[in-house]
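2 protein chains.
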Amino acid sequence: MKRKGILFIISAPSGSGKTTLCNKLVDSLKDLNRSISMTTRPPRSGERDGIDYIFIEKEEFLKRKKKNEFLEWARVFDEYYGTPKKYITHLISKGQDVVLSIDVQGAMKTRKLKTRAVYIFIMPPSMSQLKERLISRSTDTKKAIAKRLGIAKKELSYLSKYDYVVVNDVLASALENLRSIVIAERCRTGRR
Amino acid sequence: MKRKGILFIISAPSGSGKTTLCNKLVDSLKDLNRSISMTTRPPRSGERDGIDYIFIEKEEFLKRKKKNEFLEWARVFDEYYGTPKKYITHLISKGQDVVLSIDVQGAMKTRKLKTRAVYIFIMPPSMSQLKERLISRSTDTKKAIAKRLGIAKKELSYLSKYDYVVVNDVLASALENLRSIVIAERCRTGRR
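In order, the protein sequence lines correspond to chains S and Z.
No gaps in the numbering here: position 53 of the first sequence is 103 in the numbering used here, and each next residue is one more.
No gaps in the numbering here: position 160 of the second sequence is 210 in the numbering used here, and each next residue is one more.
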């Protein structure tokens, strides 16, 4: 009997290295797919439309939101982010696992919907390291970095709502931990 | 804050390759220790006293049993097997994880005691492969093999009482699954 796919919801304060980790995770395991979010924010350098995000206009986003096409959506820094439902449910029904990388706000919304998922929190090794990373990324102004750090502190308080926590100290070991969580969840007796 | 150690209870029908897997598992991860059982059965070829088992006389076993020194004990094929409590609780309190490899009968006893543990079932790929393995091991008579297969069938019906199941088809992938379960359990938010 083929099992249903598993939805893995991964959150992290911005600057925790979530995107790199999730990409490496999906590349390293079979039958694991990345959910692609829609956003109205402009692409950052290197981001590819349809792969990293689906970049759409605000008007288009609001139209889809009205049609209830999103599993969850959020407004962050005056831009919209949303997770299209259809693609995920299609994969899950085919027995494929899906990694959905969303912020804490979004994850808490899916929890309220009683979405059956495994919740993983990626943690920066410390607040000071998080600050360093945000500065070295140099995509944000000083003010935006301060805002992000404030949000990060608040997000950490939601840790207990997650099933697992992975500290992103050394990339290789954080990746091994993430991989292990996916593999272990596939071995759960309840899934068979 | 240092977390408490985790107790992993691993069961498998005899002939599923449990011993090899557990040894490799413990060798491959830090802070993971094997609980050593006491038994009254004679050592099989290659088994070392104090490492694979602690081999003791029946009289000594029954004395310890009376003093309630075993977490669980069982009588299998007219021999006694028991898990000494002290060593495990000592390691757990120091934040060390422990792998306890016991049969289904023993695992169900620890469950009844509400022992906090992660329960893992190792499954042979099929009953016919299990039979082949028991024959090739050539430590048992035909009659003993038939008896073991009957027990194995009954044991499989307890699968749902376990948290995880690992099919021991290819050794390397079964080992990766086991390792992943240990690593993932260490990442659980409840453990911190």
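It is worth saying that the hints were derived from the structure and are not from the lab.
Ideal Cβ placement from N, Cα and C applies to all residues, glycine included.
Heads up, a few of these hints could be off.
[As the list claims (entries may be wrong)] Computed list of lysine-lysine pairs in DSSO-like fashion (alpha-carbon distance at most 27 Å, straight line):
| # | chain 1 | residue 1 | chain 2 | residue 2 |
| --- | --- | --- | --- | --- |
| 1 | Z | Lys74 | S | Lys211 |
| 2 | Z | Lys54 | S | Lys211 |
| 3 | S | Lys164 | S | Lys54 |
| 4 | Z | Lys80 | S | Lys74 |
| 5 | Z | Lys135 | Z | Lys162 |
| 6 | S | Lys162 | S | Lys211 |
| 7 | Z | Lys164 | Z | Lys116 |
| 8 | Z | Lys204 | S | Lys52 |
| 9 | Z | Lys52 | S | Lys203 |
| 10 | Z | Lys181 | Z | Lys136 |
| 11 | S | Lys181 | Z | Lys204 |
| 12 | S | Lys204 | Z | Lys52 |
| 13 | Z | Lys162 | Z | Lys117 |
| 14 | S | Lys164 | Z | Lys211 |
| 15 | S | Lys52 | S | Lys144 |
| 16 | Z | Lys211 | S | Lys54 |
| 17 | S | Lys54 | S | Lys113 |
| 18 | S | Lys52 | Z | Lys203 |
| 19 | S | Lys116 | S | Lys74 |
| 20 | Z | Lys144 | Z | Lys80 |
| 21 | S | Lys211 | Z | Lys203 |
| 22 | S | Lys144 | S | Lys162 |
| 23 | Z | Lys74 | S | Lys80 |
| 24 | S | Lys181 | S | Lys162 |
| 25 | S | Lys52 | Z | Lys181 |
| 26 | Z | Lys181 | Z | Lys193 |
| 27 | S | Lys211 | Z | Lys204 |
| 28 | Z | Lys211 | S | Lys52 |
[Claimed, not checked] Distance ranges between label pairs, derived from CB positions:
| # | chain 1 | residue 1 | chain 2 | residue 2 | range |
| --- | --- | --- | --- | --- | --- |
| 29 | S | Lys136 | Z | Leu221 | 38 to 48 Å |
| 30 | S | Gly96 | Z | Ile101 | 47 to 57 Å |
| 31 | S | Leu221 | Z | Gly200 | 42 to 52 Å |
| 32 | Z | Pro175 | S | Arg94 | 43 to 53 Å |
| 33 | S | Ser223 | Z | Gln179 | 17 to 27 Å |
Hint by hint, here is what the structure shows:
| no. | hint | result |
| --- | --- | --- |
| 1 | Z/Lys74 to S/Lys211 | 34 Å, violated |
| 2 | Z/Lys54 to S/Lys211 | 21 Å, holds |
| 3 | S/Lys164 to S/Lys54 | 17 Å, holds |
| 4 | Z/Lys80 to S/Lys74 | 24 Å, holds |
| 5 | Z/Lys135 to Z/Lys162 | 16 Å, holds |
| 6 | S/Lys162 to S/Lys211 | 11 Å, holds |
| 7 | Z/Lys164 to Z/Lys116 | 21 Å, holds |
| 8 | Z/Lys204 to S/Lys52 | 24 Å, holds |
| 9 | Z/Lys52 to S/Lys203 | 22 Å, holds |
| 10 | Z/Lys181 to Z/Lys136 | 36 Å, violated |
| 11 | S/Lys181 to Z/Lys204 | 57 Å, violated |
| 12 | S/Lys204 to Z/Lys52 | 24 Å, holds |
| 13 | Z/Lys162 to Z/Lys117 | 20 Å, holds |
| 14 | S/Lys164 to Z/Lys211 | 25 Å, holds |
| 15 | S/Lys52 to S/Lys144 | 9 Å, holds |
| 16 | Z/Lys211 to S/Lys54 | 21 Å, holds |
| 17 | S/Lys54 to S/Lys113 | 31 Å, violated |
| 18 | S/Lys52 to Z/Lys203 | 22 Å, holds |
| 19 | S/Lys116 to S/Lys74 | 34 Å, violated |
| 20 | Z/Lys144 to Z/Lys80 | 14 Å, holds |
| 21 | S/Lys211 to Z/Lys203 | 39 Å, violated |
| 22 | S/Lys144 to S/Lys162 | 25 Å, holds |
| 23 | Z/Lys74 to S/Lys80 | 24 Å, holds |
| 24 | S/Lys181 to S/Lys162 | 31 Å, violated |
| 25 | S/Lys52 to Z/Lys181 | 26 Å, holds |
| 26 | Z/Lys181 to Z/Lys193 | 12 Å, holds |
| 27 | S/Lys211 to Z/Lys204 | 38 Å, violated |
| 28 | Z/Lys211 to S/Lys52 | 21 Å, holds |
| 29 | S/Lys136 to Z/Leu221: 38 to 48 Å | 40 Å, holds |
| 30 | S/Gly96 to Z/Ile101: 47 to 57 Å | 54 Å, holds |
| 31 | S/Leu221 to Z/Gly200: 42 to 52 Å | 50 Å, holds |
| 32 | Z/Pro175 to S/Arg94: 43 to 53 Å | 47 Å, holds |
| 33 | S/Ser223 to Z/Gln179: 17 to 27 Å | 35 Å, violated |
The structure does not agree with the numbered hints 1, 10, 11, 17, 19, 21, 24, 27, 33 stated previously, though it agrees with the rest.
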